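Residue numbers (UniProt numbering), protein chains in the order written: chain A, 1 to 412; chain B, 1 to 412.
Source of the hints: derived by calculation from the structure; they are not laboratory data. Given the structure is predicted, the values throughout are model-derived calculations rather than measurements. Do not take every clue at face value.
Each pair may be met inside one copy or between any two copies, as identical chains are not told apart.
Stated by the list, open to error - Each computed DSS-like pair below joins lysine-lysine, with the alpha-carbon atoms no more than 30 Å apart:
#1 Lys103 / Lys124
#2 Lys24 / Lys49
#3 Lys370 / Lys130
#4 Lys49 / Lys130
#5 Lys327 / Lys370
#6 Lys195 / Lys327
#7 Lys103 / Lys130
#8 Lys210 / Lys124
#9 Lys189 / Lys124
#10 Lys103 / Lys393
#11 Lys210 / Lys24
#12 Lys377 / Lys329
Protein chains: 2
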Amino acid sequence: MPILVMKFGGTSVATLDRISRAAKRVGVEVANGYDVIVIVSAMSGETNKLVGFVEETSPMFDAREYDAVVSSGENVTAGLMALTLQEMEIPARSWQGWQVPLKTTSAHSAARIEEIPPENILAKFGEGMKVAVVAGFQGISPEGRITTLGRGGSDTTAVAFAAAFGAERCDIYTDVDGVYTTDPRISDKARKLDKIAFEEMLELASLGAKVLQTRSVELAMRYKVKLRVLSSFGEMDESAGTLVCDEEDIVESNVVAGVAYSRDEAKMTLISVADRPGIAAAIFGPLADAGVNVDMIVQNIAEEGRTDMTFSCPTNQVARAEAAMNKAKEAGDINFHDLVADTNVAKVSVVGIGMRSHAGVAAKMFNALKDEGINIKVITTSEIKISVLIDRKYMELAVQALHDVFELEKAS
Amino acid sequence: MPILVMKFGGTSVATLDRISRAAKRVGVEVANGYDVIVIVSAMSGETNKLVGFVEETSPMFDAREYDAVVSSGENVTAGLMALTLQEMEIPARSWQGWQVPLKTTSAHSAARIEEIPPENILAKFGEGMKVAVVAGFQGISPEGRITTLGRGGSDTTAVAFAAAFGAERCDIYTDVDGVYTTDPRISDKARKLDKIAFEEMLELASLGAKVLQTRSVELAMRYKVKLRVLSSFGEMDESAGTLVCDEEDIVESNVVAGVAYSRDEAKMTLISVADRPGIAAAIFGPLADAGVNVDMIVQNIAEEGRTDMTFSCPTNQVARAEAAMNKAKEAGDINFHDLVADTNVAKVSVVGIGMRSHAGVAAKMFNALKDEGINIKVITTSEIKISVLIDRKYMELAVQALHDVFELEKAS
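Chain A with its partners taken away, still in its complex shape (with noise of 0.2 Å):
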């Protein structure tokens, strides 16, 4: 039989009707010819509730108590969705990460997948059963204690089993219909993908289109994963959804997919900077030491030996930085006149891999943005992503604006 990875997000599960819902799902995949793997979230609000017990409990807690709590959610799930397909007289039986057994590496509370030995589950399909329902986001380690694989992590638990089974593709029931070429409460032009290439979702993901986990994009590229992110209350048929797949699989796109934006970015410049060779490392390493999540980094050469230093971060850790730069000046290993923070600014993308092969897409971005008279602060670039960083007050007009110029309202 054909192996199915179908994953079940919190919403998707929230209530036993809605566990219910999900699970005639199931039974249609089944009735398809598929032996399904089922991969389940909490219902939404009790990680938080766990979560909010420990922090409360403990607030530098022990990660392997915070796992061994808040993985419980998920067998509850698990469990009860087992019972659900039951009562629709479908072979079905729960396992929880330690029984499969996901194995992962030790790092409580962000454990990576090391392996997923497949015979287990193999051996009840071939007695019969038709669907193993997994508990999302947790493994054992090496000790034989439980992890978790960070928030999110069942979207990187379904890929993986995805992976370890040979499935033939990995369907990701969530409360939104598929990737759009942008936020549809930002542009009303907003339009559903029917297939976006990995390196594309990639670049969405991690610009904050909170559609799928990062992690679970790579590993589904590393591994020729098919996935398909679609409504747990739409359709269900082959149009349903988007398709995250290798970029061969896409006769025809657009240059560019999606324009994204992240709110919580704030720009922060070392103004005149002693230059020499290693002062970029004796910046940024006392930032990653101290936690701090750079992303977009600018030198410029103000004077003769001097320098001004530009980088962006999550807002939430300007404080952090400024703590970690003045740390280090004290220390005498940098050299800089001020440190300013705008906390005032948003990043705003396009992705397309259609940019490998086209040129122009910068010159048509940054043209279209001086024509709503929108200021650029700071640029970077990858080979099929250009962000952009600007006061925060014209992101909604500046991705209205790149939705229009590219006209991503438009199939290819």
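Go by the hints and put chain B onto chain A.
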């Protein structure tokens, strides 16, 4: 280090604040020089919520999935208790049943403990861990599935750990401060017992004094585990609670230790049964097959070749008993004129190991009931117990009269 087992029930860990108070008690015993094994129940209400989910999902549920779901509440409490102890700088970690491993039979939702290998936990004590927090009520089957021990199974978990680890004592912390001579809500003369023999506790437990699960007392008796029942809201001194122990450890005791009652009894009479060898088996076999828990049995010869057969069972099993009897009659296995159910009865019992060596307890009991004008419908006796079935409206009066006549308000 000597080992102590401490068990906290659902009301003792109902909130983070209560978990913290329970943890302080554990801290006292650690300071007293013990290595402590803490057994925890789920936060009160959690297990009922999960059972509700399962029953709503699947009325005839797969007990394996039931166990996977309902065991999760204890995992949460175990992790939170370990974190609370760590905050108090007491080295602690949580263990789920399968991690210990607590090995059970495959009788899901009513599994029996087969083995608790102490090596893993002892190794951690050897490394300096002071407290092992174990999720109660759960274990692992030979097939690697999660099992549960039945409601109240955390008491049994605690006693089994005390036996497996040769613990000095097993302290059961609950919401009452010990075992009473009778229910204080029925008689204001009820007195807390400092000590009670295993055999007496066993009779009281199975008679409806809901302080300890019957199986935990059986297990404690078999392995000579000193069991103490005490309140998690009261004092912690030597004399707190009630010690359940071997009768040799009780120097002086009253002839009668306590008066128990059970409201949920029904009296059923098969009138004019055609008597023949094997008729008892023909009646009680089908009742057992139908899952009816028959308690008392009385047979009266009514006329030549016919007999009246009376038995008692829980009120909510009357319909099932009637169905089983009528089916057996239709099948020609038994023959009776009528089946009369009386659901307005209650059972009252006096229990005491002193009865073995003191004659006249039964006569004293029957006289006391006669003096109150209470008619006895059925009598059964064991070596250390006399039970009577009476009209339910006289239940409180009977309990009070028996408490008085045996002077239970006075310590021996």
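Practice item. Compare the structure with the hints numbered earlier in the document and write down the numbers of the violated ones, lowest to highest. Key: Those not satisfied are hints 3, 5, 6, 8, 9 and 10.
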